[in-house]
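Take these sequences, add in the hints, and give me the full structure.
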Amino acid sequence: MFKKFTEKTIIINDMVNVNQIKVNKSYPKKKGNINGVNKPKCPYSNHKNYISETPKPVTIGEVTIFNFGQIVYDTPFYYSDCAIYSVGYYATRTYAHFRNIYSKCTYHCKVMKSGSSPRFEIMDHDKHFKVTGLSTDECHNHLLSLINKMLGNDDLMFATNNGDRFFGLSLPLVRHKLQENPESKFCTGYIPQLQVDIEEEIVAENDPSVSFEGLHSWLKNYQTFY
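Residue numbering for the sequence shown follows the UniProt record's numbering, beginning at 1 and increasing consecutively.
Each statement offered as a hint is correct.
With a straight-line cut-off of 27 Å between C-alpha atoms, the simulated DSSO-like cross-links for lysine-lysine are:
no.	residue 1	residue 2
1	K104	K130
2	K130	K113
3	K130	K149
4	K130	K56
5	K149	K104
6	K104	K127
7	K127	K113
8	K149	K220
9	K56	K113
10	K56	K127
11	K113	K185
12	K56	K104
13	K220	K104
14	K149	K127
15	K113	K177
16	K177	K56
Using C-beta positions, here's what the derived DEER-type ranges look like:
no.	residue 1	residue 2	range
17	P192	T64	22 to 30 Å
18	Y222	P172	27 to 35 Å
19	Q179	R99	32 to 40 Å
20	K149	E201	27 to 35 Å
21	D81	L173	15 to 23 Å
22	S103	P57	18 to 26 Å
23	P57	R99	21 to 29 Å
24	T188	L219	37 to 45 Å
25	M150	I198	29 to 37 Å
26	G189	I60	22 to 30 Å
Worth flagging that the hints you see were computed from the coordinates, not collected in a lab. Each residue gets a CB set at the ideal place from its N, CA and C atoms; glycine is no exception.
This is the structure:
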């Protein structure tokens with residue numbers, strides 16, 4: 001009996017030892033980078049909301065930013081050399097009313113996604129005026145044309161390239177905020193703003209095409225001259 005019990009014990013112990021053996025799995029080795037050059041890594045997905053979450057509106061002069069938007073870097077139409085057209089960007093600007101230049105109006109400026117290229121929108125606070133275009137300049141120039149018609153001179157306020165300025169996209173704070181986003185590095189062709197010329201910035205914000213006070217100052221000089 002003792003011999004049989006010993007044999008069974010040996011058999012059971014052998015089975016336990018077999019079950020405890022670890023099997024080392026072989027995994028395919030990662031291929032090294034060609035020529036030793038590292039490929040640029042795309043930003044992680046958790047960076048998508050890096051910019052868009054704004055705890056409270058930011059006001060700079062006549063512009064108030066409610067949402068800095070989300071950068072789209074895989075198509076060149078969502079940025080230029082001096083501005084990033086982040087999807088979801090939303091700001092307001094106070095300017096002359098399109099029906100009465102002596103009254104102020106709050107215009108809502110938005111950047112929306114529309115396939116491979118963005119869409120831009122300007123709408124007044126009462127939703128009586130709304131224009132959508134392929135560029136900020138297209139929307140802004142349409143607003144200026146309405147002001148010209150109201151003044152009775154189609155060429156009084158000539159078309160400008162101040163669309164980005166009207167939207168607030170060229171403001172130093174907006175540009176620097178977007179540049180902080182790691183995804184801005186993938187906007188090839190965009191030139192980051194490193195320094196700000198204060199005097200130049202003041203002149204740009206007082207331009208009659210974007211400033212209520214600048215417009216009326218310019219009109220006074222125009223009427224005096226003519």
